[in-house]
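These protein sequence lines map, in sequence, to chains L and P. Numbered according to the numbering used here, the first sequence spans residues 1 to 280. Numbered according to the numbering used here, the second sequence spans residues 1 to 311.
FYI, nobody ran anything at the bench for these hints, they're computed from the structure. Glycine included, each C-beta is placed from N, C-alpha and C at the ideal position. Wrong hints could be hidden among the right ones.
[Claimed, not checked] Far from chain L by the CB rule (all over 10 Å, computed), these chain P residues: (1) Lys4; (2) Ala33; (3) Ala56; (4) Met58; (5) Gly60; (6) Ala62; (7) Glu87; (8) Ala125; (9) Lys187; (10) Lys209; (11) Glu267.
[What the hints assert, rightly or not] Restricting the straight-line Cα-Cα distance to at most 30 Å, the calculated cross-link-like pairs of lysine-lysine (DSSO-like) are: (12) P/Lys239 with P/Lys227; (13) L/Lys135 with P/Lys47; (14) P/Lys20 with P/Lys177; (15) L/Lys199 with L/Lys186; (16) P/Lys70 with L/Lys231; (17) P/Lys278 with P/Lys306; (18) P/Lys182 with P/Lys239; (19) L/Lys92 with L/Lys220; (20) P/Lys47 with P/Lys190; (21) L/Lys109 with P/Lys227; (22) P/Lys20 with L/Lys168; (23) L/Lys168 with P/Lys70; (24) L/Lys7 with L/Lys92; (25) P/Lys70 with L/Lys109; (26) L/Lys135 with P/Lys42; (27) L/Lys272 with L/Lys220; (28) P/Lys70 with P/Lys3; (29) P/Lys42 with L/Lys231; (30) P/Lys47 with L/Lys231; (31) L/Lys135 with L/Lys199; (32) P/Lys177 with L/Lys168; (33) P/Lys239 with P/Lys20; (34) P/Lys306 with P/Lys209; (35) P/Lys42 with L/Lys168; (36) L/Lys109 with L/Lys186; (37) P/Lys311 with P/Lys236; (38) L/Lys135 with P/Lys20; (39) P/Lys70 with L/Lys135; (40) P/Lys3 with P/Lys177.
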Amino acid sequence: MDEKLRKQLEIAATKVRMGVIEGVYNAKAGHPGGSLSVADTLTYLYMHRMHVDPNEPDMPSRDRLVLSKGHTAPALYSVLAQRGFFPAEELKTLRKQGSRLQGHPAMGKVPGVDMSTGSLGQGISAACGMALSGKISCDIYKVYAILGDGEIQEGQVWEAAMFAAHYKLDNLVAVVDNNGLQIDGKISDVMSPYPIDQKFEAFGWHVININGHDFNEIEKAFNEAETVTGKPTVIIQRSTKGKGVSFMENQVGWHGKAPNDEEYAKAMEELKAHLAELEK
Amino acid sequence: MEKKATRDSYGEALVMLAEKRPDLIVLDADLAAATKTGTFKKEFPEKHYDCGIAEANMMGVAAGIATTGKLVFASSFAMFAAGRAFEIVRNSIGYPHLNVKIGATHAGISVGEDGASHQCNEDIALMRTIPGMTVINPADDTEAKAAVLAMADYVGPTYMRFGRLAAPIFNDPATYKFEVGKGVQLKDGKDITIIATGLMVSEALEAAKALAEQGVDARAINIHTIKPIDRDIIIKAAKETGKIVTVEEHSVIGGLGSAVADVVTEECPVPVIKIGVKDVFGHSGPAPALLKEFGLCAENIVAVTKAAVGK
């Protein structure tokens with residue numbers, strides 16, 4: 001990836017993180033930790049890779065993204081707003097009564113949301129359905145499914161993993177956001193899903209391990225996925241929960257908690273400083 | 001009277017539908033031979049996808065296919081389609097109001113020898129609580145086929161219930177017209193109304209005829225659409241006959257009887273006596289004998305109805 005693009009994406013991702021904090025702060029609830037850990041990948045996909053058109057959000061030929069870890073909706077909304085699907089100002093209405101921005105993504109309500117998710121383990125199945133449908137009618141769109149590392153404790157994920165490999169869904173790329181934390185603690189303490197890569201490999205997937213906060217690695221992984229035929233690809237990204245806001249990083253307590261006034265100010269100050277640094 | 005299981009009608013209707021709808025996709029979960037989607041698979045193997053023994057994923061896959069605009073039917077036994085996969089049906093199909101048709105076979109006690117683990121008497125209750133879900137329970141071959149073809153043209157999530165046991169074909173395919181949400185009055189009467197659904201409709205009709213010979217003028221109504229239910233036909237029956245007996249091969253909790261009572265208590269309170277599975281699990285046995293044992297037969301409908309009118 002050339003340096004200019006990388007910098008553009010860094011800037012966009014920082015703005016996405018600011019949108020996450022803005023939304024969750026105004027909602028006084030929501031999930032900042034996992035939103036921040038997946039922000040770089042969502043930024044890369046929507047701002048650079050995916051074939052989508054904010055003016056025609058339901059375009060049949062569009063690439064689709066299913067946020068299977070639906071509780072990180074603040075990140076999805078923030079990146080959709082930045083891509084122009086709706087005004088960024090609306091992020092302040094997150095989770096509020098009467099807002100389109102539901103606590104978890106709701107298709108049909110928010111332009112750009114391809115599937116309703118929130119109940120963990122379900123989005124990946126819907127993504128399989130979209131990918132299978134594309135295969136049946138020889139469409140060239142891609143389907144991306146974003147999973148949490150805690151989420152893959154759900155049995156349905158592995159039903160879907162079997163299905164995707166069985167039907168050779170090479171138009172499907174799943175991302176496992178491996179930030180290592182879930183509500184009750186470390187995933188390795190609560191119910192270890194490790195080794196994640198070997199599990200997917202055994203299920204017949206092409207597996208790529210990357211650093212989820214390095215745009216060069218992210219791009220390389222999606223490029224590699226593009227070349228794989230006859231099987232689905234999973235990108236397992238090591239990531240930092242709360243990435244970008246120092247006091248949220250690797251803190252399980254920030255899984256599902258909103259910052260107070262002081263924390264909000266501090267978080268925004270950090271992100272703004274980072275943005276200024278990037279824009280220098 | 002000729003008989004056929006409505007699961008057979010389902011499989012045959014899917015074949016008929018494929019001619020009309022090139023976008024049709026049928027999913028099954030390792031039960032194609034039993035749900036009769038195998039009939040469809042034989043004709044259109046390239047449009048039939050087996051999901052293996054994984055009903056939760058199948059419902060999610062169906063939802064994903066539906067987002068791309070294709071017509072999709074997902075099939076399994078009622079126990080697994082409505083029971084095991086309930087939350088996926090609710091959140092991945094119901095909440096986004098996706099156009100998925102769920103074809104659930106082997107509903108009710110008439111599953112027979114497989115026993116209670118497979119005798120789903122709770123599916124109507126589960127499915128009718130999901131906002132926007134249409135719930136259909138056809139009574140015979142004619143109605144089942146017409147319902148499948150009609151619901152294919154309707155856009156929205158639909159649960160369709162089919163049976164394993166051969167049921168008498170009392171509707172004439174030459175004249176029968178399926179209208180979603182419309183009850184069908186099969187026999188007029190002024191003393192009491194028997195409202196039945198699915199496999200129990202032909203039993204109710206037989207009971208109404210027997211009652212006429214015994215001096216009870218019972219109205220008989222077939223409710224093939226449990227949701228949205230035909231409020232008008234129920235209110236009219238309550239007003240004109242003053243008493244209602246409901247009959248269903250389903251728990252008395254949450255099914256047809258409850259749906260009828262919901263309407264009656266709001267609009268025109270009259271006694272509603274429910275014939276169904278009385279909050280117990282079933283057990284193994286031949287289907288016809290089980291139906292008798294659980295009171296799901298014309299004989300018991302006659303007895304209950306007579307008692308209700310004091311005869």
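- [ ] Quickly compare the C-alpha distance for lysine 135 of chain L and lysine 20 of chain P to 30 Å and report which way the hint goes.
- [x] holds (21 Å)
Open item on the list: Given the hinted pair lysine 20 of chain P and lysine 168 of chain L, is their Cα-Cα distance within 30 Å?
Closed with: Since the Cα atoms of lysine 20 of chain P and lysine 168 of chain L sit roughly 29 Å apart, the hinted pair holds (cutoff 30 Å).
Task: Distance restraint between lysine 311 of chain P and lysine 236 of chain P, which requires alpha-carbon spacing of 30 Å or less - done: Given pair lysine 311 of chain P, lysine 236 of chain P holds - Cα atoms ~23 Å apart, limit 30 Å.
- [ ] May I ask you to check that lysine 187 of chain P keeps its beta-carbon over 10 Å from the closest beta-carbon of chain L?
- [x] holds (44 Å)
TODO: For the pair supplied as a hint, lysine 70 of chain P and lysine 231 of chain L, confirm whether the alpha-carbon distance does not exceed 30 Å.
DONE: Within the cut-off at roughly 23 Å; holds.
Open item on the list: Tell me if the straight-line CA distance from lysine 20 of chain P to lysine 177 of chain P falls inside 30 Å.
Closed with: holds (18 Å)
- [ ] Mind verifying the non-interface call on glycine 60 of chain P? Its CB should be farther than 10 Å from each CB in chain L.
- [x] Non-interface label on glycine 60 of chain P violated, nearest chain L Cβ at 2 Å vs cutoff 10 Å.
Task: lysine 209 of chain P and chain L, when compared Cβ to Cβ, separated by more than 10 Å - done: Non-interface label on lysine 209 of chain P holds, nearest chain L Cβ at 48 Å vs cutoff 10 Å.
Open item on the list: Need the status of pair lysine 239 of chain P, lysine 227 of chain P: alpha-carbon distance at most 30 Å?
Closed with: Since the Cα atoms of lysine 239 of chain P and lysine 227 of chain P sit roughly 21 Å apart, the hinted pair holds (cutoff 30 Å).
Open item on the list: Holds or violated: lysine 239 of chain P and lysine 20 of chain P, Cα atoms, limit 30 Å.
Closed with: Answer violated: lysine 239 of chain P to lysine 20 of chain P is near 43 Å, above 30 Å.
Task: Straight-line alpha-carbon gap lysine 70 of chain P to lysine 3 of chain P, limit 30 Å - done: violated (33 Å)
Task: alanine 125 of chain P non-interfacial with respect to chain L [C-beta, more than 10 Å] - done: holds (21 Å)
Going through the hint list in order, the structure does not satisfy hints 3, 4, 5, 6, 7, 19, 20, 28, 32, 33, 36.
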